[in-house]
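Please arrange chain B on chain A, whose structure you already have, making use of the hints.
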Amino acid sequence: MNPWALVWLIVFAAAALCFFGAALFIIIVGVGDLKDLLTTAAERAKRNP
Amino acid sequence: MNFQIIDWCILVAYLAGSMYVGLRARKYVENMEGYFVAGRRVKVALGSATLIATEIGIVTFMYFGELGYVSGFSCFILGVIGFIGYFVIGKTGFIVSGLRALKIVTIPEFYELKYGRGVRFLGGILLFLGGVLNMGIFLKMDGLFLTQAMGMEQGMLFMVMTVMLIVVISYTILGGMFSVVVTDFIQFVVLSIGMLVATLFVLANVSLSDMASTVITQFGENGVNPVTNPRFGWAFIFWMLIGSVAISALNQPAASKAFASESPEVGRKVFLYTGITLAGRYMVPMFWGVAALTMFGPSVNSMMAMPKLLGTVVPSGFLGLMVAGMLAASMSTYSAYMLAWSSVATRDIIAPVRRRALSERHTVLLTRIVTGLIGVFILVFGFWYEIPATAFQYTAITGAMYAAGAFGCVAAGLYWKKANIVGAYASLGLGALAPIGFLALDLVKSSLPPGLLFLVDVNVSGFLSFFLAVGGMVVGSLLTQKSHPPVRL
Numbered sequence: 153m154n155p156w157a158l159v160w161l162i163v164f165a166a167a168a169l170c171f172f173g174a175a176l177f178i179i180i181v182g183v184g185d186l187k188d189l190l191t192t193a194a195e196r197a198k199r200n201p
Numbered sequence: 003m004n005f006q007i008i009d010w011c012i013l014v015a016y017l018a019g020s021m022y023v024g025l026r027a028r029k030y031v032e033n034m035e036g037y038f039v040a041g042r043r044v045k046v047a048l049g050s051a052t053l054i055a056t057e058i059g060i061v062t063f064m065y066f067g068e069l070g071y072v073s074g075f076s077c078f079i080l081g082v083i084g085f086i087g088y089f090v091i092g093k094t095g096f097i098v099s100g101l102r103a104l105k106i107v108t109i110p111e112f113y114e115l116k117y118g119r120g121v122r123f124l125g126g127i128l129l130f131l132g133g134v135l136n137m138g139i140f141l142k143m144d145g146l147f148l149t150q151a152m153g154m155e156q157g158m159l160f161m162v163m164t165v166m167l168i169v170v171i172s173y174t175i176l177g178g179m180f181s182v183v184v185t186d187f188i189q190f191v192v193l194s195i196g197m198l199v200a201t202l203f204v205l206a207n208v209s210l211s212d213m214a215s216t217v218i219t220q221f222g223e224n225g226v227n228p229v230t231n232p233r234f235g236w237a238f239i240f241w242m243l244i245g246s247v248a249i250s251a252l253n254q255p256a257a258s259k260a261f262a263s264e265s266p267e268v269g270r271k272v273f274l275y276t277g278i279t280l281a282g283r284y285m286v287p288m289f290w291g292v293a294a295l296t297m298f299g300p301s302v303n304s305m306m307a308m309p310k311l312l313g314t315v316v317p318s319g320f321l322g323l324m325v326a327g328m329l330a331a332s333m334s335t336y337s338a339y340m341l342a343w344s345s346v347a348t349r350d351i352i353a354p355v356r357r358r359a360l361s362e363r364h365t366v367l368l369t370r371i372v373t374g375l376i377g378v379f380i381l382v383f384g385f386w387y388e389i390p391a392t393a394f395q396y397t398a399i400t401g402a403m404y405a406a407g408a409f410g411c412v413a414a415g416l417y418w419k420k421a422n423i424v425g426a427y428a429s430l431g432l433g434a435l436a437p438i439g440f441l442a443l444d445l446v447k448s449s450l451p452p453g454l455l456f457l458v459d460v461n462v463s464g465f466l467s468f469f470l471a472v473g474g475m476v477v478g479s480l481l482t483q484k485s486h487p488p489v490r491l
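Heads up: the sequence lines are chains A and B, in that order.
For the first sequence, this note's numbering assigns the number 153 to the initial residue and increments by one for each residue that follows.
For the second sequence, this note's numbering assigns the number 3 to the initial residue and increments by one for each residue that follows.
For reference, chain A alone in the conformation it holds in the complex (with noise of 0.2 angstroms):
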């Protein structure tokens, strides 16, 4: 395999795992924050009608 080429396959799978890891990290901790907005929000809907 062309060394050139062997570099970019590893930059490739060193980003698709930034990614994929990332993206696994903010849907957990995402599911959290958006609770939060719409709780807040719901709570200065009814303060607020």
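Incorrect hints may have been included.
Unchecked claim - Using 20 angstroms as the maximum straight-line C-alpha spacing, the simulated SDA-like pairs for lysine to any residue come out as follows:
id	chain 1	residue 1	chain 2	residue 2
1	B	29	B	176
2	B	29	B	14
3	B	419	B	114
4	A	187	B	25
5	B	45	A	158
6	A	187	B	103
7	B	447	B	457
8	B	29	A	186
9	B	45	B	94
10	B	45	B	100
11	A	187	B	45
12	B	420	B	477
13	B	45	A	180
14	A	187	B	353
15	A	187	B	32
16	A	187	B	29
17	B	29	A	192
18	B	447	B	462
19	B	45	A	191
20	B	29	A	188
21	B	45	A	193
22	A	187	B	26
23	B	45	A	179
24	B	484	B	118
25	A	187	B	191
26	B	29	A	194
27	A	187	B	264
28	B	105	B	353
29	B	45	B	103
30	B	93	B	243
31	B	45	A	190
Stated by the list, open to error - With beta-carbon atoms standing in for the labels, derived distance ranges:
id	chain 1	residue 1	chain 2	residue 2	range
32	A	191	B	303	46 to 56 angstroms
33	B	481	A	194	21 to 31 angstroms
34	B	300	A	194	54 to 64 angstroms
35	B	207	A	159	35 to 45 angstroms
36	A	176	B	11	18 to 28 angstroms
37	A	187	B	431	40 to 50 angstroms
38	A	155	B	442	42 to 52 angstroms
These are calculated hints, taken from the structure and not from any lab test.
Note that CB positions come from ideal geometry on N, CA and C, so glycine has one too.
This is chain B only, laid out in the frame that chain A set:
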């Protein structure tokens, strides 16, 4: 037809679910700030999900896939450059934190604070025109993808695209940024699964060593070296380095997500988290494009190759999941873009020319009308416009139309004490000149004298736009410090 009943069930369930969630979210909109920036209460992970979802669409998959197909691994340099751009913003808060601290909703609002109402109006027009033209080709790209991946006929395709747009327009109009953020999160989950499914099936069907040898056979050194590749070169790399910082921070749909965050610090972190994923979301579709070259050879239409590959290697059942993921990516992009450009049209173009200020209710109503009009425009424009250069370069050049001038105005306005109104006008005008010249001259390319052909080189034009914008700001400001003293923020 690649698409089977199980795939249709997944797709219809996804579209119906999006519509339901998007419409439900509108009940949380309590005022204008809620409509435009979700009450500025978005935290880091949710903000990152919504920003990433905004910046990934079928159009990005298509143009990165096309680049992979026509240039091999050398286009991966874009992922590295984009990562650097976001990382710089994410670590320093460059531009994003400064704008968020001013509690603005659109970028031209900053122009009025720093330079005056006229600059806001001109900046708003350029931002709106560049932005809407930029998204004009999205639907065409989506259509090409779906035709190849699903094996769908034109008539059916038009119907699916129209239904998708109606769903997006409905929840964006009614729920504003609240609906956009909530649906973006769901779309981020679905698109991540879709990308993973597609990548795993590509890896299972195309070997890495075959890909490497195909790239070398087809392109030689140009396939692995972006500097020698005639599509790229140093002008392109410099343009992208500057552009990745400027367009990332000053792209109104992306900036809106930073403005919706709960603090300038959260806005900065959203860009940092998003930056970590950036190289991957650029390189994954590029990788699919290289795999398509390996599987089909160089004779397939460059834009069709990648979706054709996915339609071939992803089996029924998973195909529905993958297409739902791709549509999710596009829907999140459409909703954020339509809301961003309609906000600019209402707040920065229409409102400043009215004698009486618009009420909150009228501002939201007008934004909803403009959102609907933009939806109609992209439906019509998307099906007839012929794209010059590659799709990636078209979006980059229309992006440069507003981002170059905006970069000069905002970066100098925030960080240079001598920036003034004359510099701002010069920056906006000169920044737009090169991209507009490119789009106009490209139409009469065959009759241009050889000495002017460099003006229709998309990379030179893109680089020139940033060079002229920054030059205009510096020269214009320095020459008129006494007649037009700078305003302090």
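Taking the hints in turn, this is what the structure says about them:
Distance restraint check for residue 29 (chain B) and residue 176 (chain B): the Cα-Cα separation of roughly 9 angstroms lies within the 20 angstroms cut-off, and the hinted pair is therefore satisfied. For the proposed pair residue 29 (chain B) and residue 14 (chain B), the alpha carbon gap of about 24 angstroms is over 20 angstroms, so the pair is violated. Straight-line distance between C-alpha atoms of residue 419 (chain B) and residue 114 (chain B) comes to about 16 angstroms, which keeps the hinted pair within the 20 angstroms bound. The hinted pair formed by residue 187 (chain A) and residue 25 (chain B) meets the criterion: a straight-line CA distance of about 17 angstroms does not exceed 20 angstroms.
For the given pair, residue 45 (chain B) sits about 39 angstroms from residue 158 (chain A) by alpha-carbon distance, which is inconsistent with the 20 angstroms threshold. For the suggested pair residue 187 (chain A) and residue 103 (chain B), the alpha carbons sit about 25 angstroms apart, so the restraint of at most 20 angstroms is broken. Distance check on the hinted pair: residue 447 (chain B) and residue 457 (chain B) sit about 10 angstroms apart at the alpha-carbon level, within 20 angstroms; holds. Our distance criterion of 20 angstroms between C-alpha atoms is met by residue 29 (chain B) and residue 186 (chain A), whose separation comes to about 15 angstroms.
Restraint check for residue 45 (chain B) and residue 94 (chain B): the C-alpha separation of about 18 angstroms stays at or below 20 angstroms, so the hint holds. About 18 angstroms separates the Cα atoms of residue 45 (chain B) and residue 100 (chain B), which keeps this hinted pair within 20 angstroms; it holds. For the hint pairing residue 187 (chain A) with residue 45 (chain B), the CA-to-CA distance comes to about 11 angstroms; that is within 20 angstroms, so the pair holds. The hinted pair formed by residue 420 (chain B) and residue 477 (chain B) meets the criterion: a straight-line CA distance of about 11 angstroms does not exceed 20 angstroms.
A C-alpha spacing of about 13 angstroms is found between residue 45 (chain B) and residue 180 (chain A), which places the hinted pair at or below 20 angstroms, so the restraint holds. Using a Cα cut-off of 20 angstroms, the hinted pair residue 187 (chain A) and residue 353 (chain B) is violated, with the two alpha carbons roughly 35 angstroms apart. Restraint check: the Cα-Cα separation between residue 187 (chain A) and residue 32 (chain B) comes to about 17 angstroms, which is no more than 20 angstroms; the hinted pair holds. For the hint pairing residue 187 (chain A) with residue 29 (chain B), the CA-to-CA distance comes to about 15 angstroms; that is within 20 angstroms, so the pair holds.
This hinted pair checks out: residue 29 (chain B) and residue 192 (chain A) have alpha carbons roughly 13 angstroms apart, not beyond 20 angstroms. Using a Cα cut-off of 20 angstroms, the hinted pair residue 447 (chain B) and residue 462 (chain B) holds, with the two alpha carbons roughly 15 angstroms apart. Restraint check: the Cα-Cα separation between residue 45 (chain B) and residue 191 (chain A) comes to about 13 angstroms, which is no more than 20 angstroms; the hinted pair holds. Proximity of residue 29 (chain B) to residue 188 (chain A) is assessed by CA-CA distance (about 16 angstroms); at most 20 angstroms being required, the pair is judged to hold.
Distance restraint check for residue 45 (chain B) and residue 193 (chain A): the Cα-Cα separation of roughly 13 angstroms lies within the 20 angstroms cut-off, and the hinted pair is therefore satisfied. Between the alpha carbons of residue 187 (chain A) and residue 26 (chain B) the distance comes to roughly 14 angstroms, so the proposed pair stays at or under 20 angstroms and holds. For the suggested pair residue 45 (chain B) and residue 179 (chain A), the alpha carbons sit about 13 angstroms apart, so the restraint of at most 20 angstroms is met. For the proposed pair residue 484 (chain B) and residue 118 (chain B), the alpha carbon gap of about 17 angstroms is at most 20 angstroms, so the pair holds.
For the suggested pair residue 187 (chain A) and residue 191 (chain B), the alpha carbons sit about 16 angstroms apart, so the restraint of at most 20 angstroms is met. Proposed proximity of residue 29 (chain B) and residue 194 (chain A) is supported: the alpha carbons are some 8 angstroms apart, at most 20 angstroms. The suggested pairing of residue 187 (chain A) with residue 264 (chain B) holds, with an alpha-carbon distance near 15 angstroms, which does not exceed 20 angstroms. Between residue 105 (chain B) and residue 353 (chain B) the alpha-carbon distance is near 18 angstroms, which keeps this suggested pair within the 20 angstroms criterion.
Annotation: proposed proximity of residue 45 (chain B) to residue 103 (chain B) holds, straight-line Cα distance about 16 angstroms (limit 20 angstroms). Taking the CA atoms of residue 93 (chain B) and residue 243 (chain B), the gap is near 16 angstroms; set against the 20 angstroms cutoff, the hint holds. With a C-alpha separation of about 12 angstroms, the suggested pairing of residue 45 (chain B) with residue 190 (chain A) holds against the 20 angstroms cut-off. Distance hint check: the CB atoms of residue 191 (chain A) and residue 303 (chain B) are about 50 angstroms apart, consistent with the given range 46 to 56 angstroms.
The hinted range of 21 to 31 angstroms is not satisfied by residue 481 (chain B) and residue 194 (chain A), whose Cβ atoms lie roughly 55 angstroms apart. For residue 300 (chain B) and residue 194 (chain A), the hinted distance range of 54 to 64 angstroms is satisfied, since their beta carbons lie about 56 angstroms from each other. Here the CB-CB span from residue 207 (chain B) to residue 159 (chain A) is close to 24 angstroms, at odds with the stated 35 to 45 angstroms. Taking the beta carbon of each, residue 176 (chain A) and residue 11 (chain B) are about 26 angstroms apart, inside 18 to 28 angstroms as hinted.
For residue 187 (chain A) and residue 431 (chain B), the hinted distance range of 40 to 50 angstroms is satisfied, since their beta carbons lie about 47 angstroms from each other. Evaluation of the 42 to 52 angstroms hint for residue 155 (chain A) and residue 442 (chain B) yields a pass: the beta carbon distance comes to about 44 angstroms.
When the structure is compared with the earlier hints, violations turn up for hints 2, 5, 6, 14, 33, 35 and for no others.
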